[in-house]
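Taken in order, the sequence shown gives residues 1 to 371; the numbers are from the UniProt record's numbering.
Keep in mind the hints are simulated off the structure, nothing from the lab. Wrong hints could be hidden among the right ones.
Below, simulated DSBU-like cross-link-like pairs (lysine-lysine); rule was C-alpha separation at most 35 angstroms, straight line [unchecked claim]:
no., residue 1, residue 2
1, K90, K125
2, K266, K319
3, K90, K182
4, K182, K125
FRET-style restraints, in silico, Cβ to Cβ [to be verified]:
no., residue 1, residue 2, range
5, D163, L89, 29 to 37 angstroms
6, D333, M164, 15 to 23 angstroms
7, G275, G60, 46 to 54 angstroms
8, E265, T357, 36 to 44 angstroms
9, S343, A264, 28 to 36 angstroms
10, G315, M164, 44 to 52 angstroms
11, R175, G221, 29 to 37 angstroms
12, L218, D71, 23 to 31 angstroms
As the structure is a prediction and not an experimental result, all values here were calculated from the model. Quick reminder that beta carbons are idealized off the backbone N, C-alpha and C, glycines included.
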Amino acid sequence: MSGSGAKKSATTLAFVESPVQLLNVLEWAYTDALRAPGPESKPVDLTVVVLSPHDPMTRGQLRRMAELARDEGVTVRWENARGGAGAPLKTVGGLRGPLRRAARVVIGDPFSRYVQLLLTLTRAKDLVVVDDGTATMEFISQLANGERLVRWHRRGNSRGVVDMAFAPVSATARRRLTPGRKRRVEVFSSMPVEPPPGVTVTANDFSWTRARFGPPRLTRGTDLVGTSLVETGVVDLERYLEAVAGLAEAHGATRYFAHRRESAEKLSRVSHEVGLEIVRPDLPLELIARRGPIGHTIVSFPSTVVHTLPLALAGTEVKVAVYDVDPAWLTSDASPRAQGFLSGVTDTARDVQRPGTVPSTAAPDTPLAMS
C-alpha cells in the first residue's frame, strides 16, 4: 500500500461508515496492488474518509481499524459527519475538492444517503463497491434489475417524505454506479453475486487478513456469533433468546461474540438467562477470529460471517456452522423479503456446515455434516 503522510489529493478516495467496510477497503487495496502489472506490485495511492456514525461501538471499532490502516501507510481522514446540524453541510463542502480530483472512488455502502450524495459530486470514471456484508447481494440484484436502492430488511414499498425528497439524488447515484462507455464499475466481494452486464466482480478472499494475522490458537469450545436481526426488527426478541439458548446447550458453547449493533439490554439477557460470556470485539470478527484464540467451531445464524469466516480462517481447523432462521421467529414488521433473503444467505455460503433448524435440546457434541 502507499506511503504515509498527508496528501493534497488522492488517486483513490474511499468512503466508509463501518469497520467491515474499512477492512474490505484494505483487502481491496492489497489485492489491487498484487494484480498491478510489472515484476513488483505497485502500491495504491489511497485516502480513506471515515464518515463517523453515531453508534459508540461502531466508532470504537472504526478507530481501531483506522490505526491498522495507518500502519499500512494509508491516509485516513476522520469526518464527524453526523456531529450536529451543520456537520453534513460542512463535511460535503470539505470533500467537494477531493471528490473532483479523485481518479477512482471506492464506497462501502451504496445504500447510504451520505454516500449517494457524495457520488453526485464525483467525476471519477472508476468506481469500486466493496463489501458491506450481505447487503452487497441485494445491491447487485437491485442494480441488475434497475430498481431503486433499498435495504433488504426495510418493510414494504412505501416511501416517506424524506425518501421522496431524496429520490433525485438516489437516482443520480444509481446512474453513477451503472457502468457505461466512460465509466468502469467494480464490485469487490466475498459474497456469491451475479453481476449485471459491464460490472466487474473481483473476489475478496481475505488475503490481507491472512497475510497479517494468525494462524490462531484454537480452544476446545464452541463460540456463538450474535446478529442484529432483533435490532433491525426482523426477528422477535424472545424467539431469538430461545434459539441462542438451544444452540448454547446443543454445542456446549460458553462465549457469545456480540454484533456491534446489538443492544445492551439484549446482551444482558443473553448473559444472565442463557449464561454465556459476552465478548464485545474491538475489531471485525474476521480479524478477531484470525488472531485468536477462537473456538474449534463457530456457530451463527444467517449473516455475513458465514461467507467471510471460512475465507479468513482458511488453512485452520475451525469449522463454521450456520443455522436457519425459523419463519415463526419473524416479527410482523419484518419485510416480506426477509425469509427468502436469509435463506439465500445460508444456501449460498461455501465451506460451512448446515445442521438445519435450531435444536431445543441436544447433546453438546452433536455431530455436524459438512455440506
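Here's how the hints hold up against the structure:
no.	hint	in the structure
1	K90 x K125	holds, 25 angstroms
2	K266 x K319	holds, 27 angstroms
3	K90 x K182	holds, 30 angstroms
4	K182 x K125	holds, 6 angstroms
5	D163 x L89: 29 to 37 angstroms	violated, 21 angstroms
6	D333 x M164: 15 to 23 angstroms	holds, 21 angstroms
7	G275 x G60: 46 to 54 angstroms	violated, 26 angstroms
8	E265 x T357: 36 to 44 angstroms	violated, 27 angstroms
9	S343 x A264: 28 to 36 angstroms	holds, 30 angstroms
10	G315 x M164: 44 to 52 angstroms	holds, 50 angstroms
11	R175 x G221: 29 to 37 angstroms	violated, 50 angstroms
12	L218 x D71: 23 to 31 angstroms	holds, 26 angstroms
Of the hints listed earlier, those the structure fails to meet are numbers 5, 7, 8, 11, in rising order.
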